[in-house]
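Peer 1: All chains, please: the whole structure from these sequences, using the hints.
In order, the protein sequence lines correspond to chains A and B.
Note that our numbering numbers the first sequence so that position 46 is 46, with each residue one more than the last.
Note that our numbering numbers the second sequence so that position 11 is 11, with each residue one more than the last.
The hints are simulated quantities; they were obtained by calculation from the structure and are not laboratory data.
A couple of the hints might just be wrong.
Since copy identity is lost for identical chains, a pair holds within one copy or between any two.
SDA-like, lysine to any residue: derived pairs with alpha carbons at most 25 Å apart [stated by the list, open to error]:
hint, residue 1, residue 2
1, 59, 167
2, 59, 166
3, 59, 37
4, 59, 46
5, 59, 170
6, 59, 72
7, 59, 182
8, 59, 178
9, 59, 181
10, 59, 145
11, 59, 114
12, 59, 109
13, 59, 108
14, 59, 171
15, 59, 173
16, 59, 69
17, 59, 110
18, 59, 39
Chain by chain, the residues:
There are 2 protein chains.
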Amino acid sequence: MARYDRRVTSYHHGNLRRAVLDAAVEAIAESGPATWSLRELARRAGVSHAAPAHHFGDKTGLLTAVAAEGYRLFADALTAAGDDFLDVGAAYVRFAVDHRAYFEVMFRPDLYRADDPEVAAESARADAILQRGARGHAAPSGADQRTAAIAAWSIVHGFAALWLNGNLPPGLPSDPAEAARPVLRCLLPPRLPST
Amino acid sequence: MARYDRRVTSYHHGNLRRAVLDAAVEAIAESGPATWSLRELARRAGVSHAAPAHHFGDKTGLLTAVAAEGYRLFADALTAAGDDFLDVGAAYVRFAVDHRAYFEVMFRPDLYRADDPEVAAESARADAILQRGARGHAAPSGADQRTAAIAAWSIVHGFAALWLNGNLPPGLPSDPAEAARPVLRCLLPPRLPST
DNA sequence: GGGCACAACTTGTCAATGGCAAGATATGAT
DNA sequence: ATCATATCTTGCCATTGACAAGTTGTGCCC
Chain A
1 MARYDRRVTS YHHGNLRRAV LDAAVEAIAE SGPATWSLRE LARRAGVSHA APAHHFGDKT
61 GLLTAVAAEG YRLFADALTA AGDDFLDVGA AYVRFAVDHR AYFEVMFRPD LYRADDPEVA
121 AESARADAIL QRGARGHAAP SGADQRTAAI AAWSIVHGFA ALWLNGNLPP GLPSDPAEAA
181 RPVLRCLLPP RLPST
Chain B
1 MARYDRRVTS YHHGNLRRAV LDAAVEAIAE SGPATWSLRE LARRAGVSHA APAHHFGDKT
61 GLLTAVAAEG YRLFADALTA AGDDFLDVGA AYVRFAVDHR AYFEVMFRPD LYRADDPEVA
121 AESARADAIL QRGARGHAAP SGADQRTAAI AAWSIVHGFA ALWLNGNLPP GLPSDPAEAA
181 RPVLRCLLPP RLPST
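Peer 2: Next up, the structure:
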């Protein structure tokens, strides 16, 4: 913490935007997207109570910036996972847990301005990668491609959401991405006995 | 609206608890669980700004009451749906959409006191019914029973969450429960050509 | 029917918050 | 050197959640 505190007393912070953004993500990760205040973030960063408003406009603007950055990191993480459904799904769950604050804001569109250009662009990028990942496995049970893609997205998103809420039964592997794999496999056609 | 306004001017409202609860659900359905205030609900009910506190303690107490009632209605709805996975899943999604306010609060445990006795009891009841519903379909792909149950819960919950967030592609049936059925079927073993 | 304990609600107050306006200070371009 | 502009501060206001203390209605017991 306090990585972005001002080292010396100067009128200009130098990196206020990033400092407030990081403080927000940290605060959200600690106790949800509603328990902190803009003024508290300003205090953490060592600036006056109105300084954040200059960079983000208002609280919604800050959450919009969090969502935009979250979608960018999210799309990057999914891209790095490759094409296979299980790998993309595991990366999806891992992102949700490792970057809980981003994830929680991203999928709560009432918190931010979803029509923000950067948010729209990055979320569209993530969408495209998810579509590709879903296409990587054969449509089960004779369902059409689109239905199968929705099923894939649903099971991955549902697992991540339930994990974050603590709704899953105890005894699962401590690594959520590994815990997810056998669950996601349920959506795939029966495997050959060779593997 | 205003179904619980006081008809006559009297010191006792007569049904304040229910009136505030309904006003809260209405407000949450309109614009999320964070955009309203206790004082606004009090105004809607035509009582003083401190009256709700008498029944719910504080804002968290009110949200706890919403969650408790939500889980009760939820468990009832799932019970009425029967034993079949597709029926229970469709009822799950229907509840999420028809009772959006309850659903959004229920699955955001940071908003309320999850250790509240009534919440715990009703959510346990819902859990049991979900387990039964998941057991109603054969475990696919050789997965064990528990993994299959988590997969079932994940795909249903994920579909509901994505529908509520507006993340699903356009063109689906307008009835979310019917839209969910083919998606949920992806989890089942291939059907016989007879059906 | 009289009195009394308690439930239901009101009024008043306080610190904290988000947002705005106006002012101060630093930065960089020319 | 000057000046436009970005960055940050100070001051202010309405609103909020929470609490304390007072007021009014209700039901119960005798």
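Peer 1: Which constraints among the numbered hints does this structure fail? Numbers only, ascending.
Peer 2: 5, 7, 8, 9, 10, 14, 15
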